[in-house]
Amino acid sequence: MTRTEISNRRTVTRTRCTLLLIGTLLLTACGPPITETPPQPTPAAHYVPLTPVPTHSSPKPLPKTHAQAEATTVLLLGTDRRDIENGTDNTDTLMLIQLDPNAQRIAMLSIPRDLYVDIPGYGQARINSAYAYGEQAGIGGLALAQQAVSSLLGISIQHAVLLDFHAFVTLIDTIGGVDVEVPYAISDPTYPDSGTGYDPFYLSAGQHHMDGATALKYVRTRATLGGDFDRIARQQQMALAVRDRITHLDQLPTLIAASPQLWATLQSSFETNLTLGEIVDLAVIAVRIPADQIAAASIDQTCTQAWTTPAGAQVLVPDQAAIETLIADLFPSLPSAAAAQ
3 MTRTEISNRR TVTRTRCTLL LIGTLLLTAC GPPITETPPQ PTPAAHYVPL TPVPTHSSPK
63 PLPKTHAQAE ATTVLLLGTD RRDIENGTDN TDTLMLIQLD PNAQRIAMLS IPRDLYVDIP
123 GYGQARINSA YAYGEQAGIG GLALAQQAVS SLLGISIQHA VLLDFHAFVT LIDTIGGVDV
183 EVPYAISDPT YPDSGTGYDP FYLSAGQHHM DGATALKYVR TRATLGGDFD RIARQQQMAL
243 AVRDRITHLD QLPTLIAASP QLWATLQSSF ETNLTLGEIV DLAVIAVRIP ADQIAAASID
303 QTCTQAWTTP AGAQVLVPDQ AAIETLIADL FPSLPSAAAA Q
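Numbering-wise (our numbering), the sequence shown opens with residue 3 and increments by one.
Among these hints, one or two may not hold up.
To be verified - Ranges between beta-carbon positions, derived for each pair:
{"#": "1", "residue 1": "Leu-278", "residue 2": "Asp-195", "range": "33 to 39 angstroms"}
{"#": "2", "residue 1": "Ala-187", "residue 2": "Gln-295", "range": "28 to 34 angstroms"}
{"#": "3", "residue 1": "Asp-195", "residue 2": "Thr-256", "range": "31 to 37 angstroms"}
By construction, these hints were calculated from the structure, which means they are not laboratory data.
By construction, the Cβ of each residue, glycine as well, lies at the ideal position given by its N, Cα and C atoms.
Could you build all of it, start to finish, from the sequences and the hints given here?
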């Protein structure tokens, strides 16, 4: 692939997130190496409801959605494809989202990238490699990633979306930035730039209005004691902040109006097994669900055990009993994978 082709592909990628209306529950992509820092508090990741926002006196009308009698699950995958020629397509962000219009509830579950699981047809490996294996084998990365996560959690997953962090930056900027309460100061002198150097990232504790570039650094950095677990918590915090911003400013109708043209233009810039109509329906459902009915959790230290493989890889071994308890609590209306077959 030529340098011009790479540049063109990046330009398309940066413009696509207005289309991804399901970005009301957005995720981000992979981060830099961990650096040592003093202990810091971790943003709460379990069952963190979003603070309700004021209701507009004259809200813009949203389109009617198609009838959805059951909860819908969407697997969101994030990958960093800056080095297209040598990239591995590992999905270093994995988030499962359930939208339940009947129960008027949203649930989000973050899955750590180093979780050591059975990849169907490939044996034990980090869960973030499932997409890459599927692409290399020609069987479909989204399909294999869905299978791996479904097998781990014991539930059926209907849809998947894959995007990289360029879309995240553009979405944040498109909606005018986000307001985030940063729980601790962050010092990351080795945060990577777009090449092979560094772009140091420092952020004080407290309330911040972030543009896309700052928000990306906030959710990508692992320069805190909790590493990936801290980053997962910040990703969920950011996802809720995005929804808060879109809902508070009543931006969804404008985004929906622009979606058909963007969909036609950006077909090759992301992957999903959702149609445009389904994306619009899910986005409308998401903003109509009350903020206090959003639950977020992660497969964290209470559900995993650190282990070093014989090959020297540092991974997380899942505690299946703990994960089953978490799933039953977080997704009470989800069908099991066995029942869906």
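To see whether the hints hold, each was checked on the structure:
1. Leu-278 <-> Asp-195: 33 to 39 angstroms: holds, 35 angstroms
2. Ala-187 <-> Gln-295: 28 to 34 angstroms: Check passed, 32 angstroms falls within 28 to 34 angstroms.
3. Asp-195 <-> Thr-256: 31 to 37 angstroms: Between Asp-195 and Thr-256, where Cβ atoms are some 33 angstroms apart, the hint holds.
The structure shown violates none of the earlier numbered hints.
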